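Engineer: Those protein sequences? They're chains A and B, same order as listed.
Taking our numbering, the leading residue of the first sequence gets 1, the next gets one more, and so forth.
Taking our numbering, the leading residue of the second sequence gets 1001, the next gets one more, and so forth.
Be a bit skeptical, because a hint or two may be false.
Unchecked claim - Reference excerpt, derived from the structure (chain A facing chain B, CB under 7 Å, subset only):
no.: 1; residue: N71
no.: 2; residue: A75
no.: 3; residue: L77
no.: 4; residue: Y79
no.: 5; residue: L114
Unchecked claim - Within a straight-line C-alpha distance of at most 20 Å, the following computed SDA-like cross-link-like pairs (lysine to any residue) qualify:
no.: 6; chain 1: A; residue 1: K104; chain 2: B; residue 2: A1087
no.: 7; chain 1: A; residue 1: K85; chain 2: B; residue 2: A1087
no.: 8; chain 1: B; residue 1: K1058; chain 2: A; residue 2: A75
no.: 9; chain 1: B; residue 1: K1058; chain 2: A; residue 2: L65
no.: 10; chain 1: B; residue 1: K1058; chain 2: A; residue 2: R60
no.: 11; chain 1: A; residue 1: K85; chain 2: B; residue 2: S1026
If you are wondering where the hints come from, they were derived from the structure by calculation, not from laboratory data.
None of these values were measured; they are calculated from a predicted model.
Heads up, the beta-carbon is just placed ideally off N, CA and C, and yes, glycines get one too.
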Amino acid sequence: VDALLSATRRVADGDLATSLPATGAHEIGDLGRAFNDMVARLSDAQRQLTQADKLASVGRLAAGLAHEINNPLTAVLTYASFRLKRCEDPALAQDLEVIVRETKRCRDIVRGLLDVARQTPSRRQPGDVNEVVQRSLSVLRNHLALGQVEVAVDLAHDLPAVPMDANQIQQVVVNLLLNAADAVAETHGGVRVRTRRTEEPAPAVEIDVEDAGHGIPAEARAHLFEPFFTTKGARGTGLGLSITWGIVQAHGGTVRVASEPGQGSRFTVSLPLVPKVPS
Amino acid sequence: MTCSECDVLIVDDDAVVRSAAERVLSEAGLPVSSAASVADALEHPDRARCRVVLCDLKLPDGSGLEVLRHLRAERPDLPFVITTGYATPATLARAADAGATILLPKPFDEEELLAAVREAFSSAPGKEKKP
Chain A
1 VDALLSATRR VADGDLATSL PATGAHEIGD LGRAFNDMVA RLSDAQRQLT QADKLASVGR
61 LAAGLAHEIN NPLTAVLTYA SFRLKRCEDP ALAQDLEVIV RETKRCRDIV RGLLDVARQT
121 PSRRQPGDVN EVVQRSLSVL RNHLALGQVE VAVDLAHDLP AVPMDANQIQ QVVVNLLLNA
181 ADAVAETHGG VRVRTRRTEE PAPAVEIDVE DAGHGIPAEA RAHLFEPFFT TKGARGTGLG
241 LSITWGIVQA HGGTVRVASE PGQGSRFTVS LPLVPKVPS
Chain B
1001 MTCSECDVLI VDDDAVVRSA AERVLSEAGL PVSSAASVAD ALEHPDRARC RVVLCDLKLP
1061 DGSGLEVLRH LRAERPDLPF VITTGYATPA TLARAADAGA TILLPKPFDE EELLAAVREA
1121 FSSAPGKEKK P
């Protein structure tokens, strides 16, 4: 009881890393486990709030950036593509191609930032999560075949319809599958996508995307959903998981990550059947 | 800017974007005129004879949708290509609801600009000349 009292005070002071040794089968053991579960949920809620705060700041930044930077990008892209089409000097054409390609990359980054900032699903309707998963796999068929990535698909047959913007959830599944495919590029391990219905803590449909890659180091896991954080070096913009997080949060859902170095990773998207966010 | 003929009236407050669009459209054989604000566009002599308006959504003295509403009051079939550097689903939906013929997010390249203007031309009823 003394330990419980002291742990409660630490949590009240903001130390959400506190936990109790929850051993024993009687009431005190149960109380310890319930306490730890409560602290874990508080910690998760705090992490989600911090992330929401960060995304709101990115949203304001993105809006200003989009206004200011898209005009100069328009001029560069229009003139460069105009010149490229009429260019007869192969060396110059090659340079112009780089300008056009890189300007389009800037365009994609700015659009990605606006996607991160998007807080409200545009069209939420009851939809079939399995269908969204199948569509995502079909979009990526060539990409996965080129990388020789085997995807095991395990879809539950009794899924209820989920209120969602199917295009946005497809973007989520595509992002997670792309990351999983990247993660197994060197290990040649497999990828698994799974759907299921859950009832706890509230009725929801969950999508697991699991890879048998290298796993994510603990220090990287803490930053995974931050804009511009990437473990892919120059190959990634660091926006995919931020966009994923923003979309799922706007659906009232959560994204959980389980990963062990050398054992692979599992991302679980949970979409509530009754979202606590405005439609 | 005005010219003796005008197919496209470009409305954008960014001079470099205006001149890039002028360059592409002129090269495609389309005479262009341009304006830099809502007020400029509404007073422009070519507003009554242009065949398409290419108009930015955000202008220093108001919205491109004000230009659309005023010019459409005079010419209900006038096609509008609305451009925007802030292409969120909400922005695009607002422009579509206001009656924009085509929505063209910035930045665009030469082909995307020409395709949007051509589509706008083909949407105008009873027009025989195309770029």
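Engineer: Confirm or reject each hint.
Structural biologist: A quick look at each hint next to the structure:
1. About 4 Å separates the beta-carbon of N71 (chain A) from the nearest beta-carbon of chain B, less than 7 Å, and the hint is met.
2. The beta carbon of A75 (chain A) is positioned within 7 Å of a beta carbon in chain B (closest approach about 4 Å), and the interface hint is therefore held.
3. Annotation: L77 (chain A) was flagged as interfacial toward chain B, and the flag holds, the nearest CB pair being 5 Å apart, inside 7 Å.
4. For Y79 (chain A), the suggested interface contact is upheld, since its CB lies about 6 Å from the closest CB of chain B, less than 7 Å.
5. The interface hint given for L114 (chain A) is met, as the beta carbon of that residue sits about 6 Å from the closest beta carbon of chain B, less than 7 Å.
6. The straight-line distance between the Cα atoms of K104 (chain A) and A1087 (chain B) is roughly 15 Å, inside the 20 Å bound, and the hint therefore holds.
7. Between K85 (chain A) and A1087 (chain B), the direct Cα distance comes to roughly 27 Å. Violation of the 20 Å bound is thereby established for this hinted pair.
8. Using a Cα cut-off of 20 Å, the hinted pair K1058 (chain B) and A75 (chain A) holds, with the two alpha carbons roughly 17 Å apart.
9. Note on K1058 (chain B) and L65 (chain A): the hinted pairing holds, with a Cα-Cα distance of about 14 Å set against a maximum of 20 Å.
10. For the hint linking K1058 (chain B) to R60 (chain A), the alpha-carbon distance of about 17 Å falls within 20 Å, and the restraint holds.
11. Distance check on the hinted pair: K85 (chain A) and S1026 (chain B) sit about 15 Å apart at the alpha-carbon level, within 20 Å; holds.
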